[in-house]
Each structure stands twice: as structure tokens, then as C-alpha cells.
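Dock the two chains into a complex; use the hints.
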Amino acid sequence: MQIKDDHYTRLLQGLAYTVIILGSLACLIPFLLIISASLTANESIIKDGYHLIPAQFSVEGYKTVFTFPDEVLRAYGVTLFTTVTGTLLGLFFMTMAGYVLARKDFKYRNTFSFYIYFTTLFGGGLVPWYIMITKYLHLTDSYGALIFPGLMTPFLIILMKNFIRSAVPEELFESAKIDGAGDFKIYWRIVLQLSMPGIATVSLFLALAYWNDWFSSSLFINDPHKYQLQFHLYNVINSAAFIANMGAGTGVSLGSDLPTESTKMAMAIVVTGPILFLYPFIQRYFVKGLTIGAVKG
Amino acid sequence: MLLPALLFFLVNSYFPMVGVYYAFTQFDFNSGLFSAPFVGLKNFEFLWKSGTLVKLTLNTIGYNLAFIVLGNVLAIVCAILLSELRVKWFKKLTQSIMFLPYFVSFVILSVIVYNVFNYDSGFLNTLLARFGAGPVDVYNKPVVWVFLIILFYLWKNLGYSMVIYLAAITGISDEYYEAAKIDGAHIFQRIWYITVPMLKSTFVVLLLFSLGSIMKGQFDLFYQLIGNNGVLYNTTDILDTYVFRSLKVTFDIGMATAAGLYQSLFGFILIMTVNYIIRKINDDYALF
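Going down the list, the protein sequences come from chains A and B.
Position 13 (the first sequence) corresponds to 177 in the numbering used here; numbering is contiguous.
Position 274 (the second sequence) corresponds to 486 in the numbering used here; numbering is contiguous.
Careful: at least some of the hints might be erroneous.
[Unchecked claim] Taking lysine-lysine pairs in the DSSO-like style, the calculated list, with each CA pair at most 30 Å apart, reads:
id, chain 1, residue 1, chain 2, residue 2
1, A, K299, B, K460
2, B, K460, A, K390
3, B, K428, B, K368
4, B, K353, A, K211
5, A, K227, A, K211
6, A, K452, B, K412
7, B, K254, A, K452
8, B, K368, A, K390
9, B, K460, B, K428
10, A, K299, B, K254
11, A, K452, B, K368
12, B, K368, B, K412
13, A, K268, B, K492
14, B, K267, B, K368
15, B, K428, A, K299
16, A, K349, A, K271
17, B, K303, A, K390
18, B, K304, A, K452
19, B, K300, B, K368
20, B, K412, B, K267
It is worth saying that the hints were derived from the structure and are not from the lab.
Extracted from the complex, chain B is given alone in its bound form (with noise of 0.2 Å):
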């Protein structure tokens, strides 16, 4: 029964890792695995002299890091106020609301950011253009969509994490709060001295599954809001949009491969280093 299983990983995930062998290939789409040329480390040596890998991993590990601070502090004061809420329908109904760009795609994402930031016609320039400003063409600012792309993030994640914390907060036994309360401690000091620290497990859970995913990131995301604008890519190309496009639009399958076996590795060792830090400090937190 466990078969279906063990073949589908076997398939999908086992059997491409034979495949990084193309990344020391000078691979085409007409020759076989094993009788495109050898090139050793050629690719890589590319990928690094260009400078290409340094930018694609500064640019992917701080749009992580961003997502993953950011996302988990919001969600955790979104969390704490909304449990603080006293009208019940009011609470659940904006529950709701927060939750439900969770469930849209990214590419009804794409219209939204169209909609908003459109040179002709957008949201944005239409309101400017009422208050007397000029339009801005924000498609042609590189650097205002590093905050964009961390706000649309934002938007789409914070009602789903929100959830898994406002759950944590149910969890927490009233008679913590009756206690502190007896002793005198007003609302602020019983959510930092209590309903924070409860939080701690859930956040490092978390916290460990986004680490996990660190060098890959939210593919949808870049590629639906950025899609092919190569004005924007310093700015916005993460390892992902990389190996999409080289596959895709350029056809560069050995330098495509290296890039992912280089953010397969760079993951990997991530993980692992961060597993055995976790392991060293508090063993209940390690991952495995």
C-alpha cells in the first residue's frame, strides 16, 4: 500500500538527481545523457565569473529572510490582536478576510498588481492623478519592487500563518491569564510575559519549515509579478525565475542544471548546518 508512494518519489524526485549530471555537460535537448560532451566545471565556473550566482543567492536568501521575519512578526501581533478582539462575529468575519487572498492564485495576483500599477490606467496613477501628481511608472523602478514583491507576500501569507498561531493562542489555559491578572499585571505585560513566550514552539516549527525552503522560494510569486521585465531583474531574479528562464527562453540546459544543483547543494548544507546548530541549543527543536 505504501507503493504508489515510494514509486512517485522514486520517479519525481530520485531519478532527476542522475539528471545533475548535466551540469557538467554541454547539454542539448537532441543528445542523450550520457553522450553530450564533458565539461567539468565549466558551467559553474560561468555562472561564477559572470557574477551571476552571487547576485541570484544575495537576492534569494534576503527576499527569504524578509518573508521569513516579517511574515512571522505580523502574523504573531495580527494573531495577538485579532484573540484580543471581543465582538464574535466582527473577530471571525475579518478572520475571514485575512484568509482569503490565501486562496487566490498568483496569477489573479498578477491582475491585482496590473490593476494597481499599470502606467495607462492603473489604481495608483488614477489616484495621483486626483490629488495633482503626475503618474509614476513603477514598472520601470527596479527598486520599489523588492518592497513590492515582500508586500504581496504579505498579503497573500499572513492570513494562513495568522491562523496557525491564532490556534497556538486558543491552546493557551486561561488560568495563566487569571493569574497574572490577580497579581496585577495589565493586558500589555500579560501578552509579552505570557501569550509571547506560549508562541515559541509553533514559531520555531515554522520557522524551520521556511528555513527549509530557503533557496527555493516562491517561484509563482517573482515570475507572475515580474514575469520576463529584464529591467527588474537585478533587483528581483532569484535562483528559481533563473533556471525557469534559462530552460524556458534561453535554453541553456547546462548552465540551467548548475544553477539548480548549485541551489540544491547551497540548501542542503543550509539545512544541515542550521539542524545541528538548533540540535546543539535544544534538541526538541531539531528537524531530525
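Isolated chain A, as found in the complex (with noise of 0.2 Å):
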């Protein structure tokens, strides 16, 4: 039975519409810009600025991007390695720490969960844990130090914990102890089976935090041949202002060797790249384990 809409309902759709279009459309807008301005030429740019549309077709700023493509490369191996390694590690110490605190048998789980969530409230600040990285455990210009600061954290911990203790009934604990099944065992051939998705979204969260991590690198990394990607472009994007600055300053041309406006944005969009090539597939993943984390946690 099909009831015929009233004036509020209209009204209300096409508000809805309007308001639904228009955030679709800022948030894509930026996106095209980018895309627009690496495909641009670059006289075109610095003669009559960015435009949504390329004012003047050319693809020179990819070619120069992969004429030189050791840098680019060499950061998306070390953004590449942090992030698989990063996330694989950090998953396994987190999953195993959500099963322990998830289990009702374990006398401290309270007290350890709270030691846990007690570092989001307090902390020592960003400089003694500065020295404590780089004076205490020597990580400067390592892959530890990019590695190590996001292994994990404290909200991720207790999402796995509450996923954990909602996906896996409390009697499949005991029946698996009296078959002979130890707490490892238990762990990896049952828990780690029935948390798939919540699994899914701690992994996603850690990969895409290590992914767009540019932080470590401008703390910890001195060594240009370890910066990851983000940082790399970080640096780009800015040396090249600073460079121009300085030439404009001392009257010395220095234009010849600069990325030019064109090749900056088609770096941006070779860094992006994967997420939003992998963005479709993530994206699905990431809204069902956050609805579950919502509505369960």
C-alpha cells in the first residue's frame, strides 16, 4: 500500500538532495582539482592558475615523475614495508591482548584494561617520549622508530576486546579446555576464526595509519633514504617554495631544477593512488566494522 507523499515528505527529500549533493560535491571537488592541475602543462598553470578542467592537455608532470622514479620508489618501498610489517605485528600483539582481557577467567582484566586506557587520559608529552626513542632505545634513522610508535593503541585494543567477547560465546572456551586445547591454541584456531571482521577493521585502521604517516619520519629520520612516502612528498611539496623563496630572495635563478607546480600534483596523485585505486574495496570493510564496533561497543 503506497501512501502519497504530504508536502513535509517532498519538502524533505528535496532537502535532502540538495544537502546530500552539495557535501558530495566538496568533497569531491578537491579531488578533481588535483587530478585536473597534474594533467595541466605548467605554463598553463602559472599563466592563468589551477582551473577545474585542464586548460592545457599534457602529461609532462608524470614523465618527470618516472624519469626519476629512484626516490619515489625507494619511499613507497619503505611505506610499503612499515605498513605490511606495522600492521601484521601490531595485529597479532593487539588480538592477542583483546583475547586475554576478553576472557572472564582472567582475574586482572580490569585492572590491565585500565592501565591501558589510562595512557589516552595522561601522558608524558611529545618531548620526554622524543628522548625516550631516541636517547633510550636508539631508534633514530631505524625502521623501528616508524614502525614501533603506531604498533598499537589503547582504542583499538578495546575494540578487539569488545568484538572479541561478543563474537566468541564464553562455552567455546571450556569445551576447547576439555578437548585439550591450550590458551595459545584456543587463541589462534578459534578466536582468530570467529573475529574475522573485527579483524578486518583493526587491520584497516593500523594499515591506514601507517600508510599516511608522515610524523615518524619528520622526528625520527634523518637519512633522505628513508624517508616514507608521505613525508618524501611532504618535502617536495615545501623545498620547492622554500628554494623559490630563497632565489627570489638573493635575485639567483634556481627555476631549472625545481618540481614544477604540475609534477607536484602528479606526485600527489602517484601517492594517493593506491587508497583510492583500494578505496572501493576498503571502504565496505570499514563502514561494517565500524557499525559493529558502534552498536556493540
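As C-alpha cells, then:
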């Protein structure tokens, strides 16, 4: 039975479509701007500025990026390595912690949960943490400095704990124990198998954080060979502006070696590429995991 | 099996707490932890007297309040409107598009901002030129950045919180709406009297989580947008960026630690107070 819409409903429908379309455009246009700029001839950008549609089409920007691919590829390699290693390690440790904290027969679970949670409330601040990692752990210029700091977050451990608690019934632990399975075996064979959606969500959060990380490089890495992708991009963009300013100040032209506007934008696309490409697949899991986490958390 | 996690938090979070001792010393990188000269509260005194502390606190809290209030209100409005869309593919598509900015890095965000507001060739000035208006040097206008930072925060995070609210809306039973419909409530009344109240618990949870970081707030966003552009500090400097600069640019370790400790302590007291008040009002919503 279809009831005809009253005018309030029609009004809301109109409103909904207008707002959502405007919102989507606002989210989309910046990306289009970069894509367009990366495909515009550099002279055209300098003369007429950025446009939504390339005024003078050219793939020169991409050509420059891929003529000397060494640096970009190396940065890709660093990011890929830290992302994979960090995600796997972090996932392993956090699911184990989540499993232990979810077990009701573990007596100190609330105490330890609180100790983990407490770190989000109070901390030593950036400087003592920085000194800890550089002076006491000696991680300067090592991949450890890129991987270690992001390995675990209290939020994800708690999310994992909640997920395991709701996905794995208490009785399963007991019956597995009676069948002679050890704690680690229960974790490996039962808990991990049953919490796949939770694991997917946590690993996506982790991987995204590692992939987008530039902060660790800027703090701990001096050797340009070990820069992460995002920090490499950051440097390309900012050093160009810096050198350009220097050149303007001293009257010396340094223009020829600088990455051009279109090259910068092409870089940005190359760096974002994998995420834009994987996005349709990733997004589904993200929404699912978040939904479960929000309802049950 | 809990051991890796415990070790991690011990090293990464608890040991650095000892380091707050630097806040009371005139520390430099070469002296060890306990050989640096002890200066008591001098660092704090300096921060306080120079007015830095007050400015940083006001900026930090101001921005975060704006983020929390605007972020949640807009996310709720968008989630409600999105849930009312009837064309399935369109609903899915727009939801994906609005979630997209959450996935790109802050470095890319800075490229976008540069792309739009760059003085010589930015999109904005190109657009203005077409309408015959002169160019605007946005990078020299501190007040504008207050709005820009808030705008880009919303741009990046709206999709994420929208999805959470959307999930909550999907969870509301249809029976309420059917009953209200029979009672003659029109759509706006149904939204106001059913959907909005049902979102309250989600809202409170998100609110408490964001209150927890009210003194920290979005270092990436501020640093990537502003960088080391001193012209804009007055309106855009927050505790995080100040501490980072003291560490990496001006090498003022003692001062940076003092500011960091102040940030942690102030935030901690703030959360405890809020949690206490919430527990008084309604025990279910308290964090701990």
C-alpha cells in the first residue's frame, strides 16, 4: 500500500537531495582539482592558475615523476614495508591482548584494561617520549622508529576486546579446554577464526595510519633514503617553495631543477593512488566494522 | 600473551611520564636526565608571564569545541538526510564520496589547500580573476584560517562520524515510525521526536571520546595547513604545534616539556571533572 507523500515529506526529500549532493560535491571537487592540475601543462598553470578542467592538457608532470623514479620508488618501498610489518605485528599483539582481556576467567583483566586506557588520559608529552625513543631506545634513523610508535593504540585494543567478547561465546573456551587445547591454541584456532570482521577493521585502521604517516619520519629520520612516502611528498612540496623563496630573495634563478606545479600535483596523485584505487573495496569493510563496533561497543 | 601489549605501553607511555622531570630543569640534549640544573617552576612561570599559555589554551580548547559541536551536529543532520534518500545506488554512492576524505593523508590535504589558496595560481584567485576581482592573499590573513581549519576538519571527518550515526539510525526499529505515522505525525515531527532522541547515546559516547582529546587535538591538521608560517600563529597555534616547534625548531626542551606537562595535567583534570559531572547526572553514560 503506497501512501501519497504529503508536502512535508516532499520538502524533506528535496532538502535531503540538495544537501547531500552539495556535500558530495564539496568532498569530490578538491580531488578533481588535483587530478586536473596534474594533467595540465605547467606554463598554463603559472599563467592562468588552476582550473577544474585542464586548460592545456599535458602528461608532462607524470613524465617527470617517472623519469627519475628512484626516490619515489624507494619511498614507496619504505612505506610498503612499514605498513605491512607494522600492521601484521600490531594486529598479532593487539588480538592477543584483546583475547586475554576478553577472557572472563582472567582475574586482573579490569586492572590491565585500566592501565592501557589510562595512557589516553595522561602522558608524559611529546618531548620525554621523543627523548625516550632517540636516547634510550636508539631508534633514530631506523625502521623501528617508523614502526614502533604506531604499533598499538588503546582504542583498537578495546575495540578488539569488545569484538571478541561478542563474537566468541564463553562456552567455546570451556569446551575447547576440556578437549585439551591450550590458551594459545584456543586463540589461534578459535578466536582468530571467529573474529574476522573485527580483525579486518583493526588492520584497516592500522594500515591506514601507517600508510598516511609522515610524522615519524619528520621526528626520527635524517637519512632521506628512509623517508616514508608521505614525508617525501611533503618535502617535495615544501622544499620547492623554500628554494623558490630563497631564489627570489637573492636574485638567483634556481628554477630549472625545481619540481614544477604539475609535477607536484602528479606526485600527489601517485602517492594517493593506491588508496583511491583500493578505496571501493576497503570502504565496505570499514563501514561494516564501524557499525558493529558502534552498536556493540 | 598480554605481555607484548604491556611492555609496549610501559615503554611507550609510562616511562616517558618520568621524563616530565625535564619540565623543572634547564635541559639540553647533552646532559643526562638528572644532571640538568633544576630550576623549579621557572619554565612554567615564563610560559605564564609571556601570555603563551593562556593563548595556547584558549586556541586549543576553542578549536576543539568548534570541532565537537559543529562536527556532531552536521554529522547528525547529514546522517538523517542521507537515511531519507530513496534511490539506493545514489545513497550508496554519496555515502562513499563523503567518506572518501577520511582516507587521504594530511599531506595530501595540505596539497589541496595549497592548490586552492595559493596566491599566484590557486583555484580561488583564478576564479576571482574570472569574475574581475583582484587576488586575495589568504596566507596573510590570520583570522580567515580559523574558519579554514574548522572547514577542513569537517571536510575530513564528517563522513566518518556520519557513518556511525547512520548505523545507529539503521538500528532504530521501524515500528516507532509506523506508530507515529498512524498518529498523524509528519516527517519532521517523526525525525525530531524519534530519530534525534534515539541518537542520544551514540552522541554521548562520541562526545566523551572527543572530550578526552580536547587538550591534544589534531596536530597533523594544524601543522600541515599552517606549517611554520609565523604570521598565523596568533590565531592558529595550539599546544601541540607549540611543543613540536619548541622541540624541532627552537630546541627549547625544558619549555616544551613544561607545556606538554601542562597540557597533560590540564586535560586530565578536565576529563575527570566532566566524567564526575556526567556520573552525577546519569551513571550509564560515564566513561569509568
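Each hint, compared with the structure:
{"no.": "1", "hint": "A:K299 x B:K460", "result": "holds, 15 Å"}
{"no.": "2", "hint": "B:K460 x A:K390", "result": "holds, 19 Å"}
{"no.": "3", "hint": "B:K428 x B:K368", "result": "holds, 18 Å"}
{"no.": "4", "hint": "B:K353 x A:K211", "result": "holds, 24 Å"}
{"no.": "5", "hint": "A:K227 x A:K211", "result": "holds, 21 Å"}
{"no.": "6", "hint": "A:K452 x B:K412", "result": "holds, 21 Å"}
{"no.": "7", "hint": "B:K254 x A:K452", "result": "violated, 52 Å"}
{"no.": "8", "hint": "B:K368 x A:K390", "result": "holds, 28 Å"}
{"no.": "9", "hint": "B:K460 x B:K428", "result": "holds, 18 Å"}
{"no.": "10", "hint": "A:K299 x B:K254", "result": "holds, 25 Å"}
{"no.": "11", "hint": "A:K452 x B:K368", "result": "holds, 20 Å"}
{"no.": "12", "hint": "B:K368 x B:K412", "result": "holds, 23 Å"}
{"no.": "13", "hint": "A:K268 x B:K492", "result": "holds, 29 Å"}
{"no.": "14", "hint": "B:K267 x B:K368", "result": "holds, 26 Å"}
{"no.": "15", "hint": "B:K428 x A:K299", "result": "holds, 24 Å"}
{"no.": "16", "hint": "A:K349 x A:K271", "result": "holds, 20 Å"}
{"no.": "17", "hint": "B:K303 x A:K390", "result": "violated, 42 Å"}
{"no.": "18", "hint": "B:K304 x A:K452", "result": "holds, 13 Å"}
{"no.": "19", "hint": "B:K300 x B:K368", "result": "holds, 24 Å"}
{"no.": "20", "hint": "B:K412 x B:K267", "result": "violated, 33 Å"}
Of the hints listed earlier, those the structure fails to meet are numbers 7, 17 and 20, in rising order.
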